[in-house]
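Heads up: the protein sequence lines correspond to chains B and V, in order.
To convert, take the position in the first sequence, counting from 1, and add 1; that gives our numbering.
To convert, take the position in the second sequence, counting from 1, and add 1190; that gives our numbering.
It is worth saying that the hints were derived from the structure and are not from the lab.
C-beta atoms are modelled at their ideal positions from N, C-alpha and C, and glycine is treated no differently.
Take the hints with a grain of salt, since some may be wrong.
Sample of chain B residues with no beta-carbon within 10 Å of chain V, all distances over it, derived [said to hold, decoys possible]:
id, residue
1, Glu17
2, Leu27
3, Ile35
4, Gly36
5, Ala39
6, Thr40
7, Ala56
8, Leu58
9, Arg59
10, Val62
11, Arg64
12, Arg67
13, Thr73
14, Leu76
15, Arg94
16, Leu96
Which stretches of chain V does chain B cover? Using the computed rule of at least three CB atoms under 8 Å from a CB of chain B, they are [as the list claims (entries may be wrong)]:
id, segment
17, 1294–1301
18, 1415–1421
19, 1529–1540
20, 1631–1644
21, 1695–1707
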Amino acid sequence: MASPTDSADRAPNMAEPGGVDAQLELWRLRDAVIGAEATAGELRARLAVAEHTVAALRRPVTRRSRALGRATGLLRRLPGTEAARQRAEATLRSLGSARR
Amino acid sequence: MSTTPVPPMVTVLTPAFNTEAHLARRLAGSMLAQKADWEWVIVDDGSSDTTGLDEVRRQCADDPRVTLVTHESNQGIVGATATALSHARGAFVALLDHDDELHPDALAEVCAAIRAHDEVDVIYTDEDKIDATGRHHDLPFLKPDWSPERLRCQMYLGHLMVIRRSLMEQVGGFRAGYDGSQDHDLALRVTERARRIHHIPKVLYHWRAVPGSVADHIDAKPAAHDAARAALADHAERVDLEADVVDVIPGVYRLRRHFRERPQPVVSIIVPTRGSSGVAWGSRRCFVTATARSLVQRTTYEPWQFVCVADADTPTEVTDELAEILGDRLVLVPFDRPFNFPEKINLGVAHCSGDALCLLNDDVEVITPEWLDTLVGFLREDDVGMAGAHLLFADGTLQHGGHAYFEGEATHLMLGRNPADDANRHTLYCDREASGVTAACAALRREVWDEVGGMWEGLPANFNDVDLSLKVRHLGYCVVVSPHARLYHFESASRDPQVHSWELDALYGRWRHRMQVDPYLNPNWADHRAQLIPPQSW
Chain B
2 MASPTDSADR
12 APNMAEPGGV
22 DAQLELWRLR
32 DAVIGAEATA
42 GELRARLAVA
52 EHTVAALRRP
62 VTRRSRALGR
72 ATGLLRRLPG
82 TEAARQRAEA
92 TLRSLGSARR
Chain V
1191 MSTTPVPPMV
1201 TVLTPAFNTE
1211 AHLARRLAGS
1221 MLAQKADWEW
1231 VIVDDGSSDT
1241 TGLDEVRRQC
1251 ADDPRVTLVT
1261 HESNQGIVGA
1271 TATALSHARG
1281 AFVALLDHDD
1291 ELHPDALAEV
1301 CAAIRAHDEV
1311 DVIYTDEDKI
1321 DATGRHHDLP
1331 FLKPDWSPER
1341 LRCQMYLGHL
1351 MVIRRSLMEQ
1361 VGGFRAGYDG
1371 SQDHDLALRV
1381 TERARRIHHI
1391 PKVLYHWRAV
1401 PGSVADHIDA
1411 KPAAHDAARA
1421 ALADHAERVD
1431 LEADVVDVIP
1441 GVYRLRRHFR
1451 ERPQPVVSII
1461 VPTRGSSGVA
1471 WGSRRCFVTA
1481 TARSLVQRTT
1491 YEPWQFVCVA
1501 DADTPTEVTD
1511 ELAEILGDRL
1521 VLVPFDRPFN
1531 FPEKINLGVA
1541 HCSGDALCLL
1551 NDDVEVITPE
1561 WLDTLVGFLR
1571 EDDVGMAGAH
1581 LLFADGTLQH
1591 GGHAYFEGEA
1601 THLMLGRNPA
1611 DDANRHTLYC
1621 DREASGVTAA
1631 CAALRREVWD
1641 EVGGMWEGLP
1651 ANFNDVDLSL
1661 KVRHLGYCVV
1671 VSPHARLYHF
1681 ESASRDPQVH
1691 SWELDALYGR
1701 WRHRMQVDPY
1711 LNPNWADHRA
1721 QLIPPQSW
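Only chain V is shown next, with the shape it has when bound in the complex:
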């Protein structure tokens, strides 16, 4: 009686074409070093120079786990991967390029994740780049956990990507016509259907950067940009997003939501103030009137109203000037109790009529005119509860790019960095999910606000926005932050930064267990600014 061999857990798919011998030797070596239940299907895609694949044959000839299939003529990466997929028997398939290498623990880690997480359909790992000799260069890409908004900006899942084979077959694998960005297109299609997506925060894939490769320079294959735009436009259509694909920088895009097919909701901008003045860029200003003027002059979004919750000691000349600047947009709400930021915001929202809310500090200045279009655009998706902006200090460095929980404490992601930094593969250029956003600029749908019960008045000065963000996420919504909504925030000029221990106790009494791990802050970062711990500890 014959027995059918038990299928392996993972099949590695490698389309190969004219692979160089020394790279093939390293490729085969990295596969043979794997300590898991795997098989490897290599497709020689009609190579004219077979020295590399002969090397693979020499190393793996006796290994029953390795299958080498030959195409008579070149069919491109799409055809070659389809052939490899048709020979795969594993429950999952992993994509390995012919000039790259796997870390020796890669497949063992993947198999452990498959065993540990029910219903996982897609797994991805961190990665770095190596040169022709295998030397590591450039900083590794330490990725966030599953961040769908970031995938709409950048193919951040990259390598190593492992997909349940049945799902890969269901979506039809790579699609013809998307060459150069076929992996981004595939990632969008499989994640739309995946039940669970798991990130392994370890550098398990080494991407070869040689002259002429995309790993070396993003513009190496210009047609790839057109393919990426097409893949993103297709994705927007499939998931019913009314959005245009816009280039940000090479390799980074954005799905800019538009309102061409439906009316824009009224946004109530809630601004608590006491009419104080301070110095910004060397000159004295009344913050709230300067904020109002900047909104009127630069905001492209309509319609909006300005709900000003003013302390009793706000100078009359300030409220008069606000009325002059804002006209009918102004709703003035008097507040005559001791300072309590959430109380003021809650009172303002109770007096407003907008379907969308934007909490805004009185000491900001608009930089990007489309800031409110951007924030409100995200809120159209049912699963987005809150959207925040990038806020800059007066010197142009980053004050806020989303909250981050580092070692259990709440802080601001990338605090103090230059917003143009290529931090961790262009994080600061991408729309993305975050653990929370500051109430200095945060947009919410009115019904989400009602559902979470507004802001907690038990935290009058600090961390009330951390609590609000956690409440929003507790109810299953996500929070997104966008670099395309940018404002100056003169925080240090207008606020006493003192934090009291009872405030921390109150916050931790509710949420410490939710702040131990930040899904969007890679555990290999040495701090919230994406500084790295020494490589020997990876």
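The following block holds chain B by itself, in its conformation from the complex:
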């Protein structure tokens, strides 16, 4: 934290004509820069979701993948531990893999 003498140096500058407006404009610009960075992060997150959605839509739906999808949905509604669910889902995924 700055020492108390720093504030004494700062206050008179703000008293100059236009000092307050210049300070407010500086803060607005800094806010806008951080806001732009945050917005870019938000857009990147949305882009990733959109890409994932389109990739999923492009994947061909086969009788087998539809059945596996239903089985996975059923599995997720069953009681049990998270680890057990993950193991069962991994088993289902391996059943649906073209590399079997």
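Here the structure of chain B is known, so what remains is to put chain V in place on it, guided by the hints.
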């Protein structure tokens, strides 16, 4: 040619003394159920009754992963753990008490976390309590992600705690002289040096609460309190915190920062107002003058100034009364534009001279005289950007204990709860990190304010404090909230709570991706008030 066995990922260390046979059977069973790459080192610390450890031998005799070492005489938990550590080969060590149990998935989850997170040095999980028969009782402790300020109040990492072995050896393991709080002392020392600390939000450890145990009653080992205070004082010295260790309730402490060795900075309290009146506790009051009077009468901190940003229609008698109450402390800043809370605050800060700022609504009343000392004390740490208070409604229930993001929406943590509730192992008694704090009472360093560019004027009424908190965290600072800074906030009496959809759109346009997960809100909470989802879904 002989081959050296590959070391396991995790070594479980268990110091044991006169372990009861039925507990040893359950302990060994919970270890043998683990589905990960582990070894187990048990140290019989000079037991006079070895029936329990004989049971472990019987169950595990043929298992090469299990090592049982015997001390000829009792060396206490510190010596026994040191012996166990000297036999450990795993990259990480996990601490398991001789009367507790691990969830069958515990070590598998820990190993998955180790593989998933580079540079992780400390891992901890959620926990619950079981009785002598293994029945779960009491609500589980669903912990926040890494919260260093909370660790300064409470040994919240608790069980299961897993530490990189090289780090454990570097700090020398448990220290003698801290019996009863040796784990808190260790947690403070390892987390000071850890590169990364990871929380697994799953109940993977079952802590046995039997009569006479600390799990059953915190006062079971009174010397543990002295050890905890000593550990915290040592920590404060190591990390250069000018603070006193203070008891809050049994098992909860606080590092109260002091200013004995340096001058207290000038704090500019920025209070926007239009001089409105309303009813509190059945009688009518002008909010801003009542706030000013309460500050003058009850605030112990010095020096401070009161920067009042007053709308043009603020009655003259109100500003006159403020001048009378505050004298030289008052800096009056006129504001003659349509209502915009951030604009008023930014204008006030531009006119102030303080090195620290405290944004304060005009409808508050001080409860704890040291509220400002507490908030400003946190700001001395370089990584703390913002500090907030507990605000209470007029009926004494909690209005604000920090922001919480629940299902992507911003709300107030523990809204409406009794501040004396034992919510989630005394959360409301602990200083702690939060995702944000309300601008109704928030302290910031002046340079942090300059760095974030003040408040965003694009949100005139709602969520501007959520945005400010997120900006502060975006720049790498943390936000802390303290129950030891407490004020009444008569919010419902002075504010239209309507939220417009465009305000949400504006907030989400910047920050939705940062609001999906709140690191300080355990995902197993059913809501922001620490209500729990049904146990069968854990």
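_Which numbered hints fail_ = Per hint list: 2, 3, 4, 5, 6 and 18 violated.
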